[in-house]
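Grab the two chains, each in its own frame, and use the hints to assemble them into the complex.
Protein sequence lines, in the order shown, are assigned to chains A and B.
Per the numbering used here, residue 3 is the first one in the first sequence, and the count goes up by one each step.
Per the numbering used here, residue 15 is the first one in the second sequence, and the count goes up by one each step.
To be clear, the hints were calculated from the coordinates, so they are not data collected in a lab.
Keep in mind that a hint or two might mislead.
Computed list of lysine to aspartate or glutamate pairs in DMTMM-like fashion (alpha-carbon distance at most 20 Å, straight line) [to be verified]:
hint, chain 1, residue 1, chain 2, residue 2
1, A, 45, B, 170
2, A, 9, B, 429
3, B, 489, A, 61
4, A, 45, A, 21
5, B, 521, A, 31
6, A, 45, B, 131
7, B, 521, A, 43
8, B, 521, A, 57
9, B, 521, A, 65
10, B, 175, A, 65
11, A, 45, B, 167
12, B, 298, A, 65
13, A, 45, B, 172
14, B, 489, A, 16
15, B, 285, B, 221
16, B, 489, A, 65
17, B, 252, B, 237
18, B, 521, A, 61
19, B, 521, A, 28
20, B, 391, B, 193
21, B, 391, B, 352
22, B, 270, B, 219
23, B, 298, B, 193
24, B, 225, B, 178
25, B, 175, A, 21
26, B, 328, B, 353
27, B, 391, B, 131
28, A, 67, B, 339
29, B, 489, A, 31
30, B, 328, B, 352
31, A, 17, B, 131
32, B, 285, B, 269
33, A, 45, B, 259
34, B, 117, B, 141
35, B, 175, B, 212
36, B, 328, B, 429
37, B, 521, A, 42
Derived CB-CB ranges, DEER-like [said to hold, decoys possible]:
hint, chain 1, residue 1, chain 2, residue 2, range
38, A, 9, B, 381, 32 to 42 Å
39, A, 43, B, 525, 23 to 33 Å
40, B, 509, A, 9, 21 to 31 Å
Just so it is clear, CB atoms sit at the ideal spot from N, CA and C, and this is done for glycine as well.
So you can see what is in the structure, the chains are spelled out below.
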Amino acid sequence: MSFDSPKANRAFAEKNGFEFPLLSDESRELALAYGACAQDDAKYPARLTFVIGPDGLVEHSIETKNPAGQAQELLDLLD
Amino acid sequence: MDYDADGDLDILSGSYTGEIYLFERGEAGEYLAGQYLMNAEGTPLGTGTSVTPEALDMDADGDLDLVIGTRTSGVFVVTNEGSRSTPSWASEPTRLLTAKGEKIEGSNAHHADWDGDGLRDLIVGSESGGVRWHRNLGANNAPSYGVAATLVEARDYEERKESEGPSGPGSRTKVHVTDWNGDGRMDLLVGDVQWLYETLSPLTEAEVARKAALQPAHDTARDAYWAELEVRNSYVGKPGGIPEEVLARCAAAREKLDTWAAQMHEFERKKSHIHGWVWLYLRKSQAGQSAAGQVEASALVRRPVDHEEFGPTKLELFATPLQQDASVIRVRARLTIEDGWHTYKTVPAASGYVPMQPSLDLPAGVEVIRGWQCASKGFPDPSGEAGTWFLDQAEFTCELRLLAETDEEVGVQLEFQVCDDKLCLPPRTLSLSLGRVVGKIDSPGLRLAKVDAMLPRFVTRWIPSKGSSIMPPGKTAPAFSLTDDQGVQRSSSDFVGQRYILWFYPKASTPG
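Just chain B, with the same shape it has in the complex (with noise of 0.2 Å):
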């Protein structure tokens, strides 16, 4: 990343002590000596250990700041409160919340559209392994992060020779989104960090001697290093504290221990290698479709129904039934304003301007179960006056119940006044639609008509590269023979003849 916008890329890096580094180029191309970034008070950022560093405007004011994800505290923001090029650093990081107040965990934290919807979601790596994400709820402005939800399952930890190879990700995953295949589906790379075993060839007899005539000075240190441990223990937390003399001592025992222990370890069988691989999960191309027991998430791709453009803005609707009550749909209305222009929040008191009103014209059959809720950020008006601006974008929400069906269709109007810090055009409506609603074939169900064609453009389930297939209709059923739940073995040959049902459930005495 390009720390201080002087058109050249640098590189920021975390460490496991938790302090963050900035690698710069120099005049040549070449990196310079890291350095720690350090906070408006002069000392290193710290806000956990294996820290990662995400840099990202935030808070929407032009310059980056950083996302940091820790081993096991969570993750923070620490605000950027210098500019663009020259960045100065928070001195307090803020803990990143769900908007229920919930802790994020993540031992990275990236920010990337997962589901399409045009928000930034944020997508986790953990301690523990796995990988999940939360989605933005919120406005990229103003981000609002919903509950954590898993797109790869932590797996159990497994104890696995060199010779095997791993089976799946490790623990300590760091995540990144990227269109990998650049079939325009966003995947996942995850790497990791696990252990493999090698196990030696068995002690000749002349070592096994060896280690028998070691083994009684080796256990001799230990006791004497553990004696040594416990009387330096019976002065923790006492006035005075450890005497000199007595850590002195400690310490000698230890260093005799250790040298014992390295020859020791000469005869150990079980050599462990540690490993970190990359981890490819590809999104899967075609909806319908499914591999089994594999990680899910649901990720519409979503379409706006209608828009519209005005001078420097554009107006986008997005409509989405409620997956729990399709009868219920979202309603989304999206400005996004350029660069140098603003729309109001807010405005002064008797000056003229027009705040920005969605309002809806419903025909009978649709009514509203929630009003119009905006979730950007207002920043107040730089001159002074008492407003508040919209910048970059401004979202609004409201929750409609389909009813009956209807002859007219359902509207949307936004009224708003851009401006610029010289100009502003004159006040505007635009209205668009989101069609009628109309009956559902083969079922009584109702929908927008204009919504059905941008829906279903989705992924509905996501498989690690690897893949597999259900058996389709019409193949030969593979032979089985198997053990039932009264310990009779069944086979397939049993049932020649007839028909049958296999019936494959995820575990035993759990629901469905």
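Chain A with its partners taken away, still in its complex shape (with noise of 0.2 Å):
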């Protein structure tokens, strides 16, 4: 999820071979609705990740401090 357009996002993941979707949120609506950015015309999100269950109600709200370890601990977080 960033401000990229899907274009931007298609080189981004296509470089990265990511296997999940990259969501363009030109508008930041979503990210004003998840407090990622202040303002409409913010630059960039802040680095912030959700969970949501099942039931649509978030699970995890979490800022990441460090990228490079996330996915680890985001692993170990849903075991």
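This is the structure in structure tokens:
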């Protein structure tokens, strides 16, 4: 999820071989709803990760401090 | 500020052209006519354009020096070679550099203790917008500036309409640090300049016709001026310079063009207005919470781990784990000395005075990785003896590595002698403690027992007063329908009954 265009996200995904979809929130609407930015003209969203449960409620709300180690931490959390 | 220590408040003002004005108070409290500040050679102080002065004692000699920010030339200090009540300004301004020798830039330069460590840091505005700061790595009487770190991002230029208003601070920022809301935390005031546009109603048919009628005459005048300009420029750099009559012809052509241009300007439909706003950035009150996408500054508000007083002196001990490696502790011993007293940095041979000397009492399990260093300036003994004095404060730093838990405390001693101009107190050794080295709960790391007591009383992030809040657990996840990188529409409804992850990242094709 970022403010990039679908095209920029496609390049990013192809370069890194991501197997998950990258969504474009160009209007900042979702980032505003999640508190990942404060204004609709924000340049970038904050590095945040949300885990949403099957019931549609936010399960975890994580501020990423260490992007490189986050994936493992997240897996540990979800085990 | 009180320029001449006569008990009333005068005004020092910068100017666009670069001179610094003094407006002194008269007998009845009125302001007298402004006058330029002159240097020792009798010429106005000059460092650059769009200058902003701050009066501050930069070399601990008891008078006020000037710290001057400029539009793009850098930050300068003009040393006061006179006294507090009768300033006399050095002929040559001194450029301020970082400890690494890089030029410090600032459209204004303001000193304040930004990180609460007792040292005045340097906070600077910028011609292109935003706010940065340089941490003071030295001492108050001998500052040494770290590299610039951003407090408020410079924003890209954006053409906005008058009706839309500003979306954030503009350029040519001027910054001031103050506790605006009285919560004990330092806040930022940021002044700016920016232009907003207004579109006037479209030209009427009559106006369009009048514009079209004027256009040929305007264009002829413009071409004539350009032709004269070309002739004028052809003389540049040639012996004899530009002939008077060529200059006169060029000026006359310009005047003619200006008359037509002024008439044509009436038809311009886009009108710009210049504005200056003051923006308030409040320091956020609670650690641990954060707002998104905003300014970030790590600002430790440090309290001493241990302290002791002796006569006119106070010794404080600070300890901070290094961010990169928490087992490395930077220790700072600071002796504050009352006015009129001094301690010795160096002593004349065979004088019997005792120089200031820190030492460590380390149990097994702690090693020194960088020995004591002194960041404070020594002033020559005014009586002409060979020694040097510490005035106001003296600071020593060292770095320790924690290797294992200890049963005994990590001790720091400071031996010194404090004197005034009549007597010396007996030499004294003060002993302070950093506490034992203990293990960390839930992790293999080590820490100093007393250091955690002071950490972390700190702020991690800064936000404009508007603020925002991150969606907490337990709330209903906001619905979405967005396009993915393959052009496929993805909605939250696709994931009903499933667990999914939403990851916000700053920008595609950047690490992390």
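Now the hints, each set against the structure:
no.: 1; hint: A:45 - B:170; in the structure: holds, 10 Å
no.: 2; hint: A:9 - B:429; in the structure: violated, 67 Å
no.: 3; hint: B:489 - A:61; in the structure: holds, 8 Å
no.: 4; hint: A:45 - A:21; in the structure: violated, 26 Å
no.: 5; hint: B:521 - A:31; in the structure: holds, 16 Å
no.: 6; hint: A:45 - B:131; in the structure: violated, 32 Å
no.: 7; hint: B:521 - A:43; in the structure: holds, 15 Å
no.: 8; hint: B:521 - A:57; in the structure: violated, 30 Å
no.: 9; hint: B:521 - A:65; in the structure: holds, 16 Å
no.: 10; hint: B:175 - A:65; in the structure: violated, 36 Å
no.: 11; hint: A:45 - B:167; in the structure: holds, 11 Å
no.: 12; hint: B:298 - A:65; in the structure: holds, 17 Å
no.: 13; hint: A:45 - B:172; in the structure: holds, 12 Å
no.: 14; hint: B:489 - A:16; in the structure: violated, 34 Å
no.: 15; hint: B:285 - B:221; in the structure: holds, 17 Å
no.: 16; hint: B:489 - A:65; in the structure: holds, 17 Å
no.: 17; hint: B:252 - B:237; in the structure: violated, 25 Å
no.: 18; hint: B:521 - A:61; in the structure: violated, 25 Å
no.: 19; hint: B:521 - A:28; in the structure: holds, 12 Å
no.: 20; hint: B:391 - B:193; in the structure: violated, 30 Å
no.: 21; hint: B:391 - B:352; in the structure: holds, 16 Å
no.: 22; hint: B:270 - B:219; in the structure: violated, 27 Å
no.: 23; hint: B:298 - B:193; in the structure: holds, 12 Å
no.: 24; hint: B:225 - B:178; in the structure: violated, 30 Å
no.: 25; hint: B:175 - A:21; in the structure: violated, 43 Å
no.: 26; hint: B:328 - B:353; in the structure: holds, 12 Å
no.: 27; hint: B:391 - B:131; in the structure: holds, 18 Å
no.: 28; hint: A:67 - B:339; in the structure: holds, 16 Å
no.: 29; hint: B:489 - A:31; in the structure: holds, 17 Å
no.: 30; hint: B:328 - B:352; in the structure: holds, 9 Å
no.: 31; hint: A:17 - B:131; in the structure: violated, 45 Å
no.: 32; hint: B:285 - B:269; in the structure: violated, 23 Å
no.: 33; hint: A:45 - B:259; in the structure: violated, 55 Å
no.: 34; hint: B:117 - B:141; in the structure: holds, 15 Å
no.: 35; hint: B:175 - B:212; in the structure: holds, 6 Å
no.: 36; hint: B:328 - B:429; in the structure: holds, 13 Å
no.: 37; hint: B:521 - A:42; in the structure: holds, 16 Å
no.: 38; hint: A:9 - B:381: 32 to 42 Å; in the structure: violated, 55 Å
no.: 39; hint: A:43 - B:525: 23 to 33 Å; in the structure: holds, 25 Å
no.: 40; hint: B:509 - A:9: 21 to 31 Å; in the structure: holds, 24 Å
In summary, the structure is inconsistent with hints 2, 4, 6, 8, 10, 14, 17, 18, 20, 22, 24, 25, 31, 32, 33, 38 from the numbered list given earlier, while agreeing with the others.
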